[in-house]
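Whenever a hint applies, use it, and build me the whole structure from the sequences.
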Amino acid sequence: MRALARIGVACALPLALLTTYHAEAAQPGSAVVAGGLVVALDQHDLAASPGEKITFRSTIRNTGDRPVDGYVAHLNILSTDKSVYVDPEDWSPRRTQFLDEIPPGGSTALSWDVRAVTSGPILLFVSVTSPTAREVTSSGPLNMTVGGQRIVHAGAVMPLVLWVPAGVLVLLGATSARKRRHR
Amino acid sequence: MADLDALAPPSGTPTTSAPPTGTASAWAVAEQELRDLWLSGRGAAMMLAYTVLLSVITYLVATNQELNFLEQREAVSLTLQLAVAVGGLLVVLVAADAVSGERERGTLETLLLTPAPRRSIIAGKGVAAVSLWLGAFVLAVPYLWWIGRDVGTFGVAVVGGLVVGTLLALALTGIGLLITTFSQSNGLSLALSFVVLLALYAPHQMPAEATRGWAGELVQRLDPFSAGLLYLERLTVNDHSLTQDAALLVVPALCAVVLPALALLAGGRLSLVPRGGA
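Chains as they are written, first to last, in the numbering used here: chain A, 1 to 183; chain B, 184 to 461.
The set of hints was computed from the structure by calculation and includes no laboratory data. One or more of the hints may lead you astray.
What the hints assert, rightly or not - Coverage of chain B stretches by chain A, computed from C-beta distances (three or more under 8 Å per stretch; other residues unrestricted): (1) 224 to 236; (2) 239 to 246; (3) 322 to 332.
Unchecked claim - Some chain B residues flagged as far from chain A (calculated, every beta-carbon gap over 10 Å): (4) Ala207; (5) Trp221; (6) Glu287; (7) Arg288; (8) Gly289; (9) Glu292; (10) Val313; (11) Gly370; (12) Val378; (13) Gln388; (14) Val420; (15) Ser424; (16) Ala429; (17) Leu442; (18) Leu448.
Just so it is clear, the structure is predicted and the values come from calculations on it, not from any experiment. Beta carbons are placed, not taken as given, at the ideal position from N, Cα and C, and that holds for glycine.
Listed below in structure tokens is the structure:
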């Protein structure tokens, strides 16, 4: 009996690996398989400028033999450069989506809107978790390079911030002087 | 207060002469109100406070590390929205004082005795209030140019700011004139107008989570302030065209027409003591 179990495990392992391989092959957009779900993104690499809005899609496919229901998808945003500060709320205010039931072999597509905020190497991936949160399935990474952040440079700001109010102050003085003359 | 001599019939004019038309007397009142506002120094003092505020914000945007973290288009958006919001505040200040101020100073009776129709008085005072926004906008242009010159947002920021700001200024003038017509005291009129202004501004300050869903989006579209400021944000930050989000300007445009019209209608019933007012 024990020998039979060993043979079963020995056969199941390559089969599982083969299934994983096929799932990855079927979803060239970086997919990771776990718990019968495959999460794939439609893009791998992306370049964006600060302020630019990008949209990408994730496809969640149920490779199991039972329907999945109540799953939650979440978009993760982080930087691989420790000097780059990322507040995910700034990048995408809507990062959690609740999935409808996916039948066996079925799939659902989710659209994610992200606005590039700061320059640097940014990593995005979508994780899907079951309602009991016992397992988490993640997509592969979407590497986004945000470059060329344009910030306001402090040079020559002083003349502007001083001269405009000063001009108005002169006008105020002139109207006051005119008022005094007319009294 | 309007210079009453300009509205009174010239000496020696026969009493049977035709009364001035509504438009002519409205212009006469507007001219006097504009003189009173801009030549007395009141308008210039408000503009000084306005430019000092814009200067502080621009300086912080350029030098403060936290604000300088903003992308340049966001900095343009911040300055533009601030210019429009504070410009609206100045308009409310003048409009809310228009009638209740005259009442409190005891000059409304004399004004009502002039041959100018009552609606013309309200219209003339409304023109003076809106002029404050136009003055504020002209002064905001150098700041917008300085912040947005490198990112190509200066042109759309100026055009969008002028359109949205003028619509909001007209709506706020209508609100201020309506409140002041029915207010006995100037303090009450100003306080009520500020509360309305804050209530209109509040939805725009809600966290992004609260503006989601049909209710949140509806509030954003129905509130003229939120809709106008959202339009400006999309114009400057998201690089939208001037017409792309034109639907957002429907409510501000309606308010810009309906509220001043209501104020003019209510102005026809202008009296020394407000009827049914506080």
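Hint check results:
| no. | hint | in the structure |
| --- | --- | --- |
| 1 | 224 to 236 | holds (count 7) |
| 2 | 239 to 246 | holds (count 6) |
| 3 | 322 to 332 | holds (count 5) |
| 4 | Ala207 | holds, 26 Å |
| 5 | Trp221 | violated, 7 Å |
| 6 | Glu287 | holds, 22 Å |
| 7 | Arg288 | holds, 18 Å |
| 8 | Gly289 | holds, 21 Å |
| 9 | Glu292 | holds, 25 Å |
| 10 | Val313 | holds, 19 Å |
| 11 | Gly370 | holds, 26 Å |
| 12 | Val378 | holds, 29 Å |
| 13 | Gln388 | holds, 15 Å |
| 14 | Val420 | violated, 6 Å |
| 15 | Ser424 | holds, 14 Å |
| 16 | Ala429 | holds, 19 Å |
| 17 | Leu442 | holds, 29 Å |
| 18 | Leu448 | holds, 35 Å |
When each numbered hint is compared with the structure, violations occur for hints 5, 14.
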